[in-house]
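6 protein chains.
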Amino acid sequence: MNQLSNGDAVDESFLVADKQLRANRQGNLYLHLELRDKTGSVGARLWNASEGLARTFDPGDYLRVKGKTQVFQGALQLILSHIEVVDPTKIEPEDYLPQSTQNVARLTARLREILLSISNPHLRALVECFLIDEEFVRKFTTAPAGIKNHHAYHAGLLEHVVTILTIADRIVDLYPELDRDLLLTGIFLHDIGKVSELSYDRAFAYSDEGQLVGHLVMGVEMLRDKVEQSADLTGEPFPNELLLRLKHMIVSHHGTHEFGSPKLPMTLEAIALHYLDNLDAKIHTFSREIRDDPCRESSWTPFQQNLGRRLFKGIAQSNGLPDESMEP
Amino acid sequence: MNQLSNGDAVDESFLVADKQLRANRQGNLYLHLELRDKTGSVGARLWNASEGLARTFDPGDYLRVKGKTQVFQGALQLILSHIEVVDPTKIEPEDYLPQSTQNVARLTARLREILLSISNPHLRALVECFLIDEEFVRKFTTAPAGIKNHHAYHAGLLEHVVTILTIADRIVDLYPELDRDLLLTGIFLHDIGKVSELSYDRAFAYSDEGQLVGHLVMGVEMLRDKVEQSADLTGEPFPNELLLRLKHMIVSHHGTHEFGSPKLPMTLEAIALHYLDNLDAKIHTFSREIRDDPCRESSWTPFQQNLGRRLFKGIAQSNGLPDESMEP
Amino acid sequence: MNQLSNGDAVDESFLVADKQLRANRQGNLYLHLELRDKTGSVGARLWNASEGLARTFDPGDYLRVKGKTQVFQGALQLILSHIEVVDPTKIEPEDYLPQSTQNVARLTARLREILLSISNPHLRALVECFLIDEEFVRKFTTAPAGIKNHHAYHAGLLEHVVTILTIADRIVDLYPELDRDLLLTGIFLHDIGKVSELSYDRAFAYSDEGQLVGHLVMGVEMLRDKVEQSADLTGEPFPNELLLRLKHMIVSHHGTHEFGSPKLPMTLEAIALHYLDNLDAKIHTFSREIRDDPCRESSWTPFQQNLGRRLFKGIAQSNGLPDESMEP
Amino acid sequence: MNQLSNGDAVDESFLVADKQLRANRQGNLYLHLELRDKTGSVGARLWNASEGLARTFDPGDYLRVKGKTQVFQGALQLILSHIEVVDPTKIEPEDYLPQSTQNVARLTARLREILLSISNPHLRALVECFLIDEEFVRKFTTAPAGIKNHHAYHAGLLEHVVTILTIADRIVDLYPELDRDLLLTGIFLHDIGKVSELSYDRAFAYSDEGQLVGHLVMGVEMLRDKVEQSADLTGEPFPNELLLRLKHMIVSHHGTHEFGSPKLPMTLEAIALHYLDNLDAKIHTFSREIRDDPCRESSWTPFQQNLGRRLFKGIAQSNGLPDESMEP
Amino acid sequence: MNQLSNGDAVDESFLVADKQLRANRQGNLYLHLELRDKTGSVGARLWNASEGLARTFDPGDYLRVKGKTQVFQGALQLILSHIEVVDPTKIEPEDYLPQSTQNVARLTARLREILLSISNPHLRALVECFLIDEEFVRKFTTAPAGIKNHHAYHAGLLEHVVTILTIADRIVDLYPELDRDLLLTGIFLHDIGKVSELSYDRAFAYSDEGQLVGHLVMGVEMLRDKVEQSADLTGEPFPNELLLRLKHMIVSHHGTHEFGSPKLPMTLEAIALHYLDNLDAKIHTFSREIRDDPCRESSWTPFQQNLGRRLFKGIAQSNGLPDESMEP
Amino acid sequence: MNQLSNGDAVDESFLVADKQLRANRQGNLYLHLELRDKTGSVGARLWNASEGLARTFDPGDYLRVKGKTQVFQGALQLILSHIEVVDPTKIEPEDYLPQSTQNVARLTARLREILLSISNPHLRALVECFLIDEEFVRKFTTAPAGIKNHHAYHAGLLEHVVTILTIADRIVDLYPELDRDLLLTGIFLHDIGKVSELSYDRAFAYSDEGQLVGHLVMGVEMLRDKVEQSADLTGEPFPNELLLRLKHMIVSHHGTHEFGSPKLPMTLEAIALHYLDNLDAKIHTFSREIRDDPCRESSWTPFQQNLGRRLFKGIAQSNGLPDESMEP
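Protein chains in written order, with full-length UniProt numbering: chain A, 1 to 328; chain B, 1 to 328; chain C, 1 to 328; chain D, 1 to 328; chain E, 1 to 328; chain F, 1 to 328.
Derived by calculation from the structure, the hints in this document are not laboratory data.
Hints are not guaranteed to be accurate.
Identical chains share a label here; the pair holds if one copy fits it or two copies do between them.
[What the hints assert, rightly or not] Straight-line C-alpha distance at most 27 Å; calculated BS3-like pairs for lysine-lysine:
id, residue 1, residue 2
1, Lys19, Lys313
2, Lys313, Lys148
3, Lys19, Lys68
4, Lys282, Lys66
5, Lys68, Lys313
6, Lys148, Lys282
This structure is a prediction, so every number in the text was calculated from the model and none was measured.
Same shape as in the complex, but just chain A:
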């Protein structure tokens, strides 16, 4: 979908992300759709639609559409001439949602490799309890790290966690006070709540539990269940201080109350986790916004609402007319 340009003819299948039946000024009905594949989404219109046709499908279904592209109010849209519902059993849902560009199997193997290097027996047993839980691993290796922000694609969470684990593994010798096992375990666990905070089978969204309780608290609950399993496995109680330190890393990793942490980081591993998490998330976000900005003529991206700033892409080979849309 990110290959389309103005005036292209289109004949492809898409996921229906949104559907509205509207009337134009003359009172004629038309369909306004949002269509999506794994590279992005686009608005689409089918003129002269009927209520009957509109009832044949819902958001979440797949449509094969024919039509052509057109620029409207500065954005590309599809003007459809034909639509047809597609049998979902013939569809690979993952073709319709954004994916990590990295090899998920290799990332998963790397995750196991780093986690199995943990030597503290309690922490080692704990991470194993997670790794042998197939349902958990399926979700953890599929979930995005967010809906719109950094790593917002399938396996984005895995990619994010493996990167931070790799960084931690490489630099932990520089800080002898840091407990390597605790840091690695905390990095692995910090976002586990996201596997249920988000839903990502068809479209990416927050679950009701995600919005009402949030992945920090959900992560602590998941940790508790596995700690009990782990104690059964080792035959020894999980050390209380270790458990407190892990819970603390989960609830404090956003770093400030303002960003939703009920506690500020108060241990060495918690503060390290907070900055490593941010380092990877922000580099990822900056890279994506700079890379994906379609406008070649400006040295700057548009204003990024989430970041509160525009980003500098490098001095453009534009026609020399300065960009007028920015006032700090």
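Please arrange chains B, C, D, E and F on chain A, whose structure you already have, making use of the hints.
This is chains B, C, D, E and F only, laid out in the frame that chain A set:
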């Protein structure tokens, strides 16, 4: 008006809240109106209008209109075929502005009943001075509590004040340190400035004085006038400390500088007023947003700008596709 | 202890809250103690102490002391002439920590009465699971609501919760949209984490878990355990939406991120809980500061760091010289 | 008093600003006083005092004291050998409170001169109503502009207002949109509430009304009274818009909610007033802190809590060791 | 351009500020342009345009256009019937960008006059080094003071600086502690970085350096270069303390970290500069918004995003219907 | 010095960091000194001092002192029996200021090694210009990174920069979009202003320039000088975009306006620098506070003003009495 759905024929009278004469792409003139009755407002268009026709009425007048409804850009609008100015003397203005669903006479009786249970003679005389002022009572029992926020309808202020008085009356025995008479009087007075801060005879709006001075300061001025009357009535000077405490309750009831109070609550009755005021206002706002949200398919209301959050309505019986529009 | 005045002779037993051995300018050792009973605490000095004597007791032990009171730098202190360690088995610890002035048995009965009026069978079974847990009830009816802020005494938490339950019970009919059973259960549960966040057997303090994880997250964990018991009891799964709503009330009851809630209140019962909690806490704090301020000559309390303001006590019968220490 | 240095013998009369009877470690009583004259204040101790002696005077009385100065904990204090109560009728109270260094009569004349240059008849009549009110003029020409901040001395308010009026008078021609009469009247009125917000006959303090209601609201009330007089005087009603603009200037002159204004400046004259007020106040504060800093060896004043910064006094001729006490 | 009203025929030349080629619903191409002259800008459409025509010009070029005006969605636009590229050598660029209404030569003379009244030889030499730099003077007398905020027109920076210099010159005698020479020099230099932070030859914009480094730091760099020249000129080193004070005035003049100053004002001249700068900028902004608001029927301007408020224009002679669009 | 405990006899040389001559209650003079060696500082008193003795030395001089230690108000102090001025030529100043525990020569070698791996010829030439400047290298390898915060010891800046360079070097391959040469150069340069912002020859302090201008702006000025040299060296102009990106990294590295950056990070390398800088600084600060806390009986450090929190040291083997001094 909140009964209308797509394609309905309409033949009714409305208040004109806004009027614009515009030209379409072909240069033909049309009228763009905002029409209102007590259940809500709607946009309306009359194609092929003339300047002559447009001059026959202004915002604030009433029109009888014929036409039919249509969905445009996701919202309902009226396409008018005929308009006709209505003689305002044949109109009940209150049919065209939102009303409390409660019985205003009964609310007013309840207000008197609670206030006349005040035993401190100075405070009792003071509230009587307000209650015998017919012009004040007319305004106080008509005014909304706001333009857009909580209780934004005729008699909304009365409903709000009577509810808080009722709560205070029921719980004051739990806190022996609270002065019942002072608390009830302060609740009654805290928003009296709103009777002049807002205008609400035809549409709801802020008066110039409301915007430049605000209902906190205006309330103190109104209190001062009645305190003089009250002293004349009782033949005794109104006790200075009592007056200071009442003024303080008025100027501090927003609770923080950020919300426009020049002083923080520094007495027991002032802090109680602040939380009771907020309790009722927020429960009212949450209830209305949850009740009035027209979208049945989502568990959540849209993002509420004033509240900085979405509200949870309960898990919807939707088609299972999660809502994608939310990123915290 | 709050009966002491300058020059009194003292012969009583106290809890040692703090102990320091210091040297004066001449190099002579003396003991600096903080002594406490249920009415308050006082600094004390024993001149010419030896290291041997200092080793005979620790903070948390009880001492019988003789001496007399003296004003030093504006505060009362004890100058000790004799100290003697007391056998702790002869001590009632509750005589040495602040207590609720209300009857704890009656409060507990009132708690049961209100909670057993809940009609939703799942919520009713849930609260019963808590009420039949004797260890929980013992802690819940003993814990303070805080260390320094409101209700900072034994059974303070119980007193706080029963008061809010009573208010909710009296006013819930004013708001038909509020779910009475959900609101009462949420009020009961909102601070349960405090029974382990704080330690209060000898002195009041935060536990390590309290500081690292906090009572909001701890409360969710406690709720989860009881929900499992409750489902076993009823033989039916606890409804998921009900559980989410309860967890949400616990995690959001501080109202804003700034005060440590990871989520803002997004349901009607959650916003009601937040304001009722604050209403009671602030009225309690204001009452205590005004009542306990020992200075009769000023109309104002000293500046309250936690509240960011001074409180008005009423115009004092002082000698007319205004207080100079206040600059807003 | 600001002439005293270490070891000086003292034999002078002072105002008693504070009095405390304390016991030392040996249980002997001593008096701890704060003594004041118009150049400043100093702590003083009289060893071996009796309760009888202490009862012979109160704060607000005057004492003749003998003793000598001594440096204690970095500050100068008086060690008294003799005290004696002074008959207050033989005292000029203004000798014991800080005074403007400018000629008050000349400042008052300048105030009248500028105000009487107002040409709008309503505003002219209004300011005359203030100027013929002798009690008001007495207070207005005596009051300090604050307790601790800028212009904290007798006639400080007058000095502040006359300076701003002079600036406005000199620059108003640069901004043709500014209404000179309105601006001058608003400057004159903006702080009139301070004549009752503060008490300054013996020591400087906030009155109860000042703390509970504040000089912004008090100023609006004072304005209303004079506007009625003024309308009687001119025989014409005071124009409503003019009154609103004046009230708005008073309530908005602190510029932001954070600094206690219930309204932001929304007129041209209100925004000009806000910046002129700040310009004079801040230049005054900076000048005083730089001039009064007694430490000659540092290029910097100590950290100013009110300003949130240290001030640069100019590179000192010190011994070259940089000041170590500053970490931003 | 600000003379145009609905239905006017137009035959004039404009600067092309933006150009987009779009397709309408029927797939026909049209040009969407933003055209500009020194009085403002307007949107324009040319129906049935070809790609070939669109390639004949770019933003920054000039077009002669024929067409007529039309109201679309509440704003005026041009419907073009004919366009023709204009030879830029026949154009006076300054006719197409907003200009100061004051005489630039006279402002420049006034600038020199005030600056040459500086008596400190180092500061005098320094300002002369700027004034003899023709390229600098050309830019300084052409640059706007901003893109959208105050003084956003050619020579706006000069107008702003000359006004503040004039104010400082008139009031400096009121504050004997202020160093007149230092204050005037600092006012002159505070915004010099803007001559390169902004680009203003064809349209107004931020330069890349302006966005990445900012005019505060750029101004310090420019100052350093001239200080070296100045020392060469006088044959004496520029005094270090004087240079620090000037740099400090530049980097601190925004007054707070929040507004981008890396240092708070810590000298008398720096704090004076900060308030004088704001006084002029805010009076200018308020005046412009009140003067330029086209809506005669409301007493209020629309909400000003930059100022966080609406401005009061004076009570309107409207039809009495209050304005409904405001909720604080 | 950090080896001292209560009652130790002392006979050593120290740097005098502060000197005050005071009088006690009996009017006898004594000296109050702050003494320092490289492990810390301590307060000291010499009773019965004379003015003559006090004049024989100043802060910045060295004293040999005899005396013994004593606990006063919870802190250790020295009671001196003898002092004697030491000939500074016989002193190694670095023995009296805190030092890095790492080998400075090895750190310097590591710095060169990493920087000389830069391949971009302009950046390579630029860093060489710094490395061949012996005066710069001497300062850069001596300066602390701060006065009180992280790395507040000689060579602390070098240690900090080498650590971040090492981390960047190890992880840059994980982010292909990051420009390694630019990132390494920016890390090297980000704090160069500190070599003149601080003074650290005898005691650590801010220079006047450091306080008035700050190390961000000073660093840009230093960069400019070296860029000119570098262009001379290579015979090619230094690329403008590269220079802008380096300046931007320096001015934005504090990350937010609140922490004194005039610009937010807007490039990939600037955001990476910001988080790497913080990661190292915060891990360093947490490690030091946890390691240096002398109190073995508490699981927690005291409240850290700079961090706004206490830090968790691990569950202590204390006597079980919880710490009472913490209220969140």
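Hints versus structure:
no.: 1; hint: Lys19 with Lys313; verdict: between (36 Å within a copy, 22 Å between copies)
no.: 2; hint: Lys313 with Lys148; verdict: both (21 Å within a copy, 24 Å between copies)
no.: 3; hint: Lys19 with Lys68; verdict: both (19 Å within a copy, 23 Å between copies)
no.: 4; hint: Lys282 with Lys66; verdict: neither (39 Å within a copy, 50 Å between copies)
no.: 5; hint: Lys68 with Lys313; verdict: neither (31 Å within a copy, 40 Å between copies)
no.: 6; hint: Lys148 with Lys282; verdict: within (13 Å within a copy, 29 Å between copies)
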